[in-house]
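Participant: Based on the hints, put chain B in the right spot on chain A.
Spelled out from the first residue to the last, the chains are:
2 protein chains.
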Amino acid sequence: MTRADIKACVFDVFGTLVDWRGGVAREAAVFLQRHGRSAQEADAFADAWRARYQPAMERVRSGERPFMRLDVLHRENLEEVLSAFGINRAQVPAGELDDLNLAWHRLDPWPDTVEGLTRLKSRFIIAPHSNGNVKLMIDMAKHGGLPWDAILGAEVAQAYKPAPEAYRRVVDVLMLSPAEVCMVAAHNSDLAAAQMCGLRTAFIPRPHEHGAAQTTDLKAEGNWDWVARDLVDLAKQLGV
Amino acid sequence: MTRADIKACVFDVFGTLVDWRGGVAREAAVFLQRHGRSAQEADAFADAWRARYQPAMERVRSGERPFMRLDVLHRENLEEVLSAFGINRAQVPAGELDDLNLAWHRLDPWPDTVEGLTRLKSRFIIAPHSNGNVKLMIDMAKHGGLPWDAILGAEVAQAYKPAPEAYRRVVDVLMLSPAEVCMVAAHNSDLAAAQMCGLRTAFIPRPHEHGAAQTTDLKAEGNWDWVARDLVDLAKQLGV
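From first to last, the protein sequence lines stand for chains A and B.
Each residue of the first sequence is one higher than the one before, counting from 1 in this note's numbering.
Each residue of the second sequence is one higher than the one before, counting from 1 in this note's numbering.
Be a bit skeptical, because a hint or two may be false.
[As the list claims (entries may be wrong)] Computed footprint of chain B on chain A; a stretch qualifies when at least three of its residues, placed anywhere within it, have a C-beta under 8 Å from a C-beta of chain B:
{"no.": "1", "region": "136-145"}
{"no.": "2", "region": "169-181"}
[What the hints assert, rightly or not] Computed list of lysine-lysine pairs in DSSO-like fashion (alpha-carbon distance at most 30 Å, straight line):
{"no.": "3", "chain 1": "A", "residue 1": "Lys142", "chain 2": "B", "residue 2": "Lys236"}
{"no.": "4", "chain 1": "B", "residue 1": "Lys142", "chain 2": "A", "residue 2": "Lys121"}
{"no.": "5", "chain 1": "A", "residue 1": "Lys142", "chain 2": "A", "residue 2": "Lys7"}
{"no.": "6", "chain 1": "A", "residue 1": "Lys219", "chain 2": "A", "residue 2": "Lys7"}
{"no.": "7", "chain 1": "A", "residue 1": "Lys219", "chain 2": "A", "residue 2": "Lys236"}
{"no.": "8", "chain 1": "A", "residue 1": "Lys142", "chain 2": "B", "residue 2": "Lys7"}
{"no.": "9", "chain 1": "A", "residue 1": "Lys236", "chain 2": "A", "residue 2": "Lys7"}
{"no.": "10", "chain 1": "A", "residue 1": "Lys7", "chain 2": "B", "residue 2": "Lys121"}
{"no.": "11", "chain 1": "B", "residue 1": "Lys219", "chain 2": "B", "residue 2": "Lys236"}
{"no.": "12", "chain 1": "B", "residue 1": "Lys121", "chain 2": "B", "residue 2": "Lys236"}
{"no.": "13", "chain 1": "A", "residue 1": "Lys219", "chain 2": "A", "residue 2": "Lys121"}
{"no.": "14", "chain 1": "B", "residue 1": "Lys142", "chain 2": "B", "residue 2": "Lys236"}
{"no.": "15", "chain 1": "B", "residue 1": "Lys142", "chain 2": "A", "residue 2": "Lys7"}
{"no.": "16", "chain 1": "B", "residue 1": "Lys121", "chain 2": "A", "residue 2": "Lys121"}
{"no.": "17", "chain 1": "A", "residue 1": "Lys236", "chain 2": "A", "residue 2": "Lys121"}
{"no.": "18", "chain 1": "A", "residue 1": "Lys236", "chain 2": "A", "residue 2": "Lys142"}
{"no.": "19", "chain 1": "B", "residue 1": "Lys121", "chain 2": "B", "residue 2": "Lys7"}
{"no.": "20", "chain 1": "B", "residue 1": "Lys142", "chain 2": "A", "residue 2": "Lys142"}
{"no.": "21", "chain 1": "B", "residue 1": "Lys219", "chain 2": "B", "residue 2": "Lys121"}
{"no.": "22", "chain 1": "B", "residue 1": "Lys7", "chain 2": "A", "residue 2": "Lys121"}
{"no.": "23", "chain 1": "B", "residue 1": "Lys7", "chain 2": "B", "residue 2": "Lys142"}
{"no.": "24", "chain 1": "B", "residue 1": "Lys121", "chain 2": "B", "residue 2": "Lys142"}
{"no.": "25", "chain 1": "B", "residue 1": "Lys7", "chain 2": "B", "residue 2": "Lys219"}
{"no.": "26", "chain 1": "A", "residue 1": "Lys236", "chain 2": "B", "residue 2": "Lys142"}
{"no.": "27", "chain 1": "A", "residue 1": "Lys121", "chain 2": "A", "residue 2": "Lys142"}
{"no.": "28", "chain 1": "B", "residue 1": "Lys121", "chain 2": "A", "residue 2": "Lys142"}
{"no.": "29", "chain 1": "B", "residue 1": "Lys7", "chain 2": "B", "residue 2": "Lys236"}
{"no.": "30", "chain 1": "A", "residue 1": "Lys7", "chain 2": "A", "residue 2": "Lys121"}
[Said to hold, decoys possible] A short, non-exhaustive set of chain A residues, derived as facing chain B with CB atoms under 8 Å:
{"no.": "31", "residue": "Glu76"}
{"no.": "32", "residue": "Ile125"}
{"no.": "33", "residue": "Ala150"}
{"no.": "34", "residue": "Ile151"}
{"no.": "35", "residue": "Val156"}
{"no.": "36", "residue": "Glu165"}
Think of the hints as simulated: they come from the structure by calculation, not from any bench.
None of these values were measured; they are calculated from a predicted model.
C-beta: ideal position from N, C-alpha, C; glycine also.
Okay, chain A solo, but in the shape it has when bound:
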């Protein structure tokens, strides 16, 4: 298990590379105030939106519905969140919801993300392996300066992580063996699924992804190939 084996690093994005909670809450605060609510509810709004993320993808993974890109699932989930927050959907223009849905396209990277990716790009192919769709990843990269070699992930694979097909198809598109691809994530479950498919694994903790009271994924919980403090530390461990 040496770095020399690796040809590509693929990355989880929401939470691992960007601060989805802070970014969504920032835009939700403006939205909530516009509709007579308090900006204090913005974190809860972001959490409620994100809480519907896995169940929505599970309906695709289970075969209950065909593959839909994440922007579509986010938009459906947003309508449910409005309802949960007692906001009358009929009084919100569709264009305003469409724009709020794009908050996910405008998330900011963590402070170490761009430097870490830039270092890793000097030796490896780097690409997102996210459940976010291609356009979402393109917009986010242009917003935050993420220097991708390619945009991979759920929409290219037509499968959502942690389904094995999602990992296998990304490896196939890269024309590499699984052991030549390293999955980088702040989530142990993502790495466990990647490892089952034969990929290398690297964990970096993001202890504030869910806010100050986070209780999950505070540390590596599997036998991962690399564990690093952040993305710059991972790059150093990989010799770049």
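Facilitator: Chain B only, in chain A's frame:
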């Protein structure tokens, strides 16, 4: 028809952005000499290989066989070229052919390509819309410094240009309307197919793509939205 309408520029690659003939001939010359042949045959070798490109894709477009990535078609075509050149396939190690097949991954950009793409990237999403597969495009971009926002094209669309699905699926992945996407190519037939699908079109001539005696695509032959001398000129016309 103003530049303000456009959100993305997608590019033909072989011939439009990179010199496939010079790059393939350079590696073919070494191969030919290793097998007791003259480097003088290298241009003809490159032309013979490229001549099998459209017929091979046509078997996919017609439905005669399922979608295969271009690396597979190139590899099959290479075996035919060996035969046409009277080289005994049995005496060439497979690994040597695999490596020669990667000549397509190592093509050099034309002198204006990187500057033109870099300028265009400052305002637009830029992505290859090539019949080359994703890994081929990634390797070529790393080799030549092409600053893509994403890698699109045949493998993502699972369809080869000029099939309409190839253009439609790329527009769909970008979540744009066809008129917000500009197809850039040195080939009038590519632009004609893109225009039929509602895309904007930009022509740049590459009069030496096929060598000094080239007779095709020397000038714009359709009602394209933009006609430029090269990619830097196109960027200027588009205001960047």
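Participant: All hints, please: hold or fail.
Facilitator: Against the structure, the hints come out as follows:
1. 136-145: holds (count 4)
2. 169-181: holds (count 3)
3. A:Lys142 <-> B:Lys236: With a Cα-Cα distance of about 21 Å, the restraint between A:Lys142 and B:Lys236 holds, given a limit of 30 Å.
4. B:Lys142 <-> A:Lys121: Holds, at roughly 9 Å.
5. A:Lys142 <-> A:Lys7: holds (24 Å)
6. A:Lys219 <-> A:Lys7: holds (26 Å)
7. A:Lys219 <-> A:Lys236: holds (19 Å)
8. A:Lys142 <-> B:Lys7: holds (13 Å)
9. A:Lys236 <-> A:Lys7: At roughly 16 Å apart (the allowed maximum being 30 Å), A:Lys7 and A:Lys236 satisfy the hint.
10. A:Lys7 <-> B:Lys121: holds (26 Å)
11. B:Lys219 <-> B:Lys236: holds (19 Å)
12. B:Lys121 <-> B:Lys236: holds (12 Å)
13. A:Lys219 <-> A:Lys121: holds (25 Å)
14. B:Lys142 <-> B:Lys236: Holds, at about 25 Å.
15. B:Lys142 <-> A:Lys7: holds (13 Å)
16. B:Lys121 <-> A:Lys121: holds (19 Å)
17. A:Lys236 <-> A:Lys121: Distance ~12 Å between A:Lys236 and A:Lys121 Cα, so the pair holds.
18. A:Lys236 <-> A:Lys142: holds (25 Å)
19. B:Lys121 <-> B:Lys7: Cα-Cα ~10 Å, so holds.
20. B:Lys142 <-> A:Lys142: Judged against 30 Å, a Cα distance of about 19 Å means the pair holds.
21. B:Lys219 <-> B:Lys121: holds (25 Å)
22. B:Lys7 <-> A:Lys121: OK: B:Lys7 and A:Lys121 at ~26 Å, within 30 Å.
23. B:Lys7 <-> B:Lys142: Judged against 30 Å, a Cα distance of about 24 Å means the pair holds.
24. B:Lys121 <-> B:Lys142: It holds: about 16 Å lies between the C-alpha atoms, which stays within 30 Å.
25. B:Lys7 <-> B:Lys219: Holds, because 26 Å separates the two Cα atoms, which is no more than 30 Å.
26. A:Lys236 <-> B:Lys142: The hint holds at about 21 Å.
27. A:Lys121 <-> A:Lys142: holds (16 Å)
28. B:Lys121 <-> A:Lys142: holds (9 Å)
29. B:Lys7 <-> B:Lys236: holds (16 Å)
30. A:Lys7 <-> A:Lys121: holds (10 Å)
31. Glu76: violated (16 Å)
32. Ile125: Nearest chain B Cβ about 6 Å off; hint holds.
33. Ala150: It holds, given that the least Cβ distance between A:Ala150 and chain B is near 4 Å, below 8 Å.
34. Ile151: With Cβ-Cβ at 4 Å, under 8 Å, it holds.
35. Val156: Holds, because the Cβ-Cβ distance from A:Val156 to chain B comes to roughly 6 Å (cut-off 8 Å).
36. Glu165: violated (15 Å)
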